[in-house]
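Read off the chains here:
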Amino acid sequence: MSDFLRELHDPDIPVPEGIQSAVAVTRLDKLLSTVYNWGRHYSVWPMAFGLACCAIEMIAAASSRYDQARFGMEVLRPSPRQADLMIVSGTVTKKMVVPIVRLYNQMPEPKYVLAMGACASGGGPFKEGYNVVSGIDNFLPVDVYVPGCPPTPQALLHGFITLIKKLDSQNLGNRNSMPWYSRGPSDAVPIPVLGPDIIDPRQLHLIRRYAAQPEPADESAAVEAEA
Amino acid sequence: MTEHAPTADTVLPADDALNQLSARFGDALQRDTRPGYEGLIVDPDHLVAVATALRDDLGYDYLASATAVDYLGKGDHFEMVYHLCQTSGGPPLVLKAQTPRETATLPSLVGVWPGAEFQEREAWDLMGIRFEGHPDLRRILMWEGFAGHPLRKDWKEAYYEQDQKPFDSRWPGGHVRRAEELVPYGRNVRYPDGFSPEDYEEIAETPQARGLSSLGPGVEVEELATDRLVVNLGPQHPSTHGVFRMSIMLSGEEIVSLKPIMGYLHRNHEKIGERNTFIQNMPFTDRLDYICSLSNNLGYALAVEKLMALGARYQPPTYRAEVIRVLMAELTRIVNHIWAIGFLLNDLGAYFTPMMYVINERELILDFFEAVTGSRMMCNYMRFGGVAADLPERMRSEAQLLNDRVRDVNTMEYLRDLITERLPRAIDQIDTYLTTSEVVTNRCIGVGVLTREDAIATSAAGPVLRASGVPYDVRRADPYSIYPELEFDVACRTHGDVYDRYLIRLDELHQSLRILNQILPRLVDTEGEPIFAGRGGMYSPRVPAGEAYGRVENPKGELGFYVVSDGGQNPWRYHVRAPSFINLTPLERMCVGHKVADVVAILGSIDIVLGETDR
Ligand code: SF4
Numbered sequence: 001m002s003d004f005l006r007e008l009h010d011p012d013i014p015v016p017e018g019i020q021s022a023v024a025v026t027r028l029d030k031l032l033s034t035v036y037n038w039g040r041h042y043s044v045w046p047m048a049f050g051l052a053c054c055a056i057e058m059i060a061a062a063s064s065r066y067d068q069a070r071f072g073m074e075v076l077r078p079s080p081r082q083a084d085l086m087i088v089s090g091t092v093t094k095k096m097v098v099p100i101v102r103l104y105n106q107m108p109e110p111k112y113v114l115a116m117g118a119c120a121s122g123g124g125p126f127k128e129g130y131n132v133v134s135g136i137d138n139f140l141p142v143d144v145y146v147p148g149c150p151p152t153p154q155a156l157l158h159g160f161i162t163l164i165k166k167l168d169s170q171n172l173g174n175r176n177s178m179p180w181y182s183r184g185p186s187d188a189v190p191i192p193v194l195g196p197d198i199i200d201p202r203q204l205h206l207i208r209r210y211a212a213q214p215e216p217a218d219e220s221a222a223v224e225a226e227a
Numbered sequence: 228m229t230e231h232a233p234t235a236d237t238v239l240p241a242d243d244a245l246n247q248l249s250a251r252f253g254d255a256l257q258r259d260t261r262p263g264y265e266g267l268i269v270d271p272d273h274l275v276a277v278a279t280a281l282r283d284d285l286g287y288d289y290l291a292s293a294t295a296v297d298y299l300g301k302g303d304h305f306e307m308v309y310h311l312c313q314t315s316g317g318p319p320l321v322l323k324a325q326t327p328r329e330t331a332t333l334p335s336l337v338g339v340w341p342g343a344e345f346q347e348r349e350a351w352d353l354m355g356i357r358f359e360g361h362p363d364l365r366r367i368l369m370w371e372g373f374a375g376h377p378l379r380k381d382w383k384e385a386y387y388e389q390d391q392k393p394f395d396s397r398w399p400g401g402h403v404r405r406a407e408e409l410v411p412y413g414r415n416v417r418y419p420d421g422f423s424p425e426d427y428e429e430i431a432e433t434p435q436a437r438g439l440s441s442l443g444p445g446v447e448v449e450e451l452a453t454d455r456l457v458v459n460l461g462p463q464h465p466s467t468h469g470v471f472r473m474s475i476m477l478s479g480e481e482i483v484s485l486k487p488i489m490g491y492l493h494r495n496h497e498k499i500g501e502r503n504t505f506i507q508n509m510p511f512t513d514r515l516d517y518i519c520s521l522s523n524n525l526g527y528a529l530a531v532e533k534l535m536a537l538g539a540r541y542q543p544p545t546y547r548a549e550v551i552r553v554l555m556a557e558l559t560r561i562v563n564h565i566w567a568i569g570f571l572l573n574d575l576g577a578y579f580t581p582m583m584y585v586i587n588e589r590e591l592i593l594d595f596f597e598a599v600t601g602s603r604m605m606c607n608y609m610r611f612g613g614v615a616a617d618l619p620e621r622m623r624s625e626a627q628l629l630n631d632r633v634r635d636v637n638t639m640e641y642l643r644d645l646i647t648e649r650l651p652r653a654i655d656q657i658d659t660y661l662t663t664s665e666v667v668t669n670r671c672i673g674v675g676v677l678t679r680e681d682a683i684a685t686s687a688a689g690p691v692l693r694a695s696g697v698p699y700d701v702r703r704a705d706p707y708s709i710y711p712e713l714e715f716d717v718a719c720r721t722h723g724d725v726y727d728r729y730l731i732r733l734d735e736l737h738q739s740l741r742i743l744n745q746i747l748p749r750l751v752d753t754e755g756e757p758i759f760a761g762r763g764g765m766y767s768p769r770v771p772a773g774e775a776y777g778r779v780e781n782p783k784g785e786l787g788f789y790v791v792s793d794g795g796q797n798p799w800r801y802h803v804r805a806p807s808f809i810n811l812t813p814l815e816r817m818c819v820g821h822k823v824a825d826v827v828a829i830l831g832s833i834d835i836v837l838g839e840t841d842r
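Note that the protein sequences, when read in sequence, are chains F and Z. Read in my numbering, the first sequence has 26 at position 26, and its numbers run on one by one without any break. Read in my numbering, the second sequence has 359 at position 132, and its numbers run on one by one without any break.
No false leads were mixed into what you were given.
Result set (SDA-like, lysine to any residue): computed pairs, CA atoms no more than 25 Å apart in a straight line:
1. Lys127(F) <-> Gly401(Z)
2. Lys383(Z) <-> Gln203(F)
3. Lys380(Z) <-> Pro196(F)
4. Lys127(F) <-> Arg405(Z)
5. Lys127(F) <-> Asn503(Z)
6. Lys127(F) <-> Pro399(Z)
7. Lys127(F) <-> Trp799(Z)
8. Lys127(F) <-> Ala374(Z)
9. Lys127(F) <-> Pro510(Z)
10. Lys127(F) <-> Asp395(Z)
11. Lys127(F) <-> Lys392(Z)
12. Lys127(F) <-> Glu408(Z)
13. Lys486(Z) <-> Arg102(F)
14. Lys127(F) <-> Trp398(Z)
15. Lys127(F) <-> Gln391(Z)
Calculated Cβ distances over 12 Å to all of chain Z for the following chain F residues:
16. Pro14
17. Leu32
18. Tyr36
19. His41
20. Ser43
21. Val44
22. Asp168
23. Ser169
24. Gly173
25. Asn174
26. Met178
27. Pro179
28. Ala188
I should point out that these hints are in silico values taken from the structure, not numbers from a laboratory. Glycine included, every Cβ here is placed at the ideal spot set by N, Cα and C.
Only chain F is shown next, with the shape it has when bound in the complex (with noise of 0.2 Å):
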């Protein structure tokens, strides 16, 4: 049996010997599945779009040592409304995730967050500063971090495998995998704000409470107090 049918084949389902070889027995929904995942397993453009050091590495990871054509992804499309990966490869800063969410909010379903590097993932070597978001994950759901300072291009192509694997597993009868064919439009991140500091509206509540009383002498106690 071809790898294609074994994965196709429902494993409940019991076949007749002797046909085994060439019969895959299966559910609607499964291999309907099967064929849309590996339709797009293979075609996934991600939107080019460096930021920071990581995206050099990027850059080496698309050219023919590297060779990210084998995954069928070295098509990098400037524009989000073409692309459906969007890597964020580098330090988010405060200014940066405005047209970071921008973006985000223009790609089209379905879309995945691949975070590049530490940066990207956490904050990185530059957390502490004032003009660093701590990791991208504070403003987009991310499905792959990718670690590393920059990560290699080995690195992310496991990371893109990673990706592809995520795909795969992704089932059509299932509403949470696949919340793009529920009914309505997706939730738009909501855009931050660039203020005194940068302002995250889903923040508000947080900010309206702590912002206008001056800080408490101890910032720990307002935490505890807090939970």
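Here the structure of chain F is known, so what remains is to put chain Z with the ligand in place on it, guided by the hints.
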């Protein structure tokens, strides 16, 4: 060698200037007598007059760097520090002007050196010093509306823990304390007391904040109503080389005015650098110009070594260390220039094919870097007084891709093959296929011209300056390391257009190969010699109080580190004179009058890296 030998050994530039100018300015101009400091302190009222005299009468026509220092608790004043150079060569003259912290106002020097424009804006943005007479004093790295001036010593960031590293334990009492727990928002944010988000109106994106007047500079007012179109380029654009952004005002297809908007990668390098210990900054310099991490290392090591040399027990780097440093710096130059050429072709429309070829060569050099330093890009290799490790005897590839041949070669053989065979061939290939290509010549010749006078006035550096006919190269003008004993020519071209900036990179590639060919025998001769002067001191160098400005000729231009120490473990002030940042000052002049499609070619020919532009 250049015909202009530096005068440093005989007369210090500051003494010379003081002798000549003291009659005119009397007490307004004084020597800086603080121990470890050099240069002249000028009374702010006379700053412009002194600067003009220095430029016109003494030949200090080039403003290399301008930055501010906050002496909180050490006199409570801001000090603006200018490093002035003569394009004929020689060490810089340091000029300073002080202003009390409360008033924080100084006259602007943009009228004397237009190259001060962005640097003064940066000082206003980060330090809060007002420059009277500055044509366009807006924030440059942070956004309009941001609360406070973050480089002031009394300004604390949200994740503030302590003034200096190493910090106390983050594991006090047996449980971890994370930075997120220090702020009630669980994020890296803080707001002024009494701030109400409902009443806030965002001003970061208003036309004023972007510096767009309805008329460009020098445009006569006409009564005819012509519509001007504002085009926004970036920060997400495949040809801006990162997160750079420009607001371009067009009349038809023609550019009327262009304002760069930066700060999208402002990673607070300098604030973090002042909390770090001296050695902790070394890996951060890797991330400035992330294509040239090794030569950034060199610049920082030179600056701190200059400071250490003020002390008693300082030992300069050994000869082998210097040889390795130059080897690394020149290989880095090759990496940078082939990358820049590849990217220029990307911008011209030859999308990614030339890039593929240059990346191949770059990978070979990166393999060598990885074998020596342990990392492909972020090498963190130089140390104060030497380098971190000697060249390994054999180069082995640890992690292999399936189609990689297993590599186990003698390092010197690999290097020799690279320098004498492989790279010359690659550079000739670039030359053959690109230099006479119609696409390149048609789109580059005569485009984005920067005249000699403008290049000097706007403090352009590196290939941009030399393509405009100024043979200024720090390796010759103010030599460091073992460059004085190496033979090479300072490449220079005269048209100042995109094509010359492309050609000059080719010239410099050839010169770098020439240098590397002289380095090879020196590497063999010094085999086995120590790579580090003295013992210990590597991680906690003894740095006496004082100031130093270390400058190197980076592939993109003069990279300077201005470091002030108060005698402790951490720099009091740590400033980076970034060539990518200052080379953008003349961008508008180069672009005005051209078509909008030329902007990417012109920008590509300047060759910026955003890690360094925004720091
Ligand atoms: S993770 Fe490291 S290499 Fe990547 S962007 Fe951050 S600092 Fe640069």
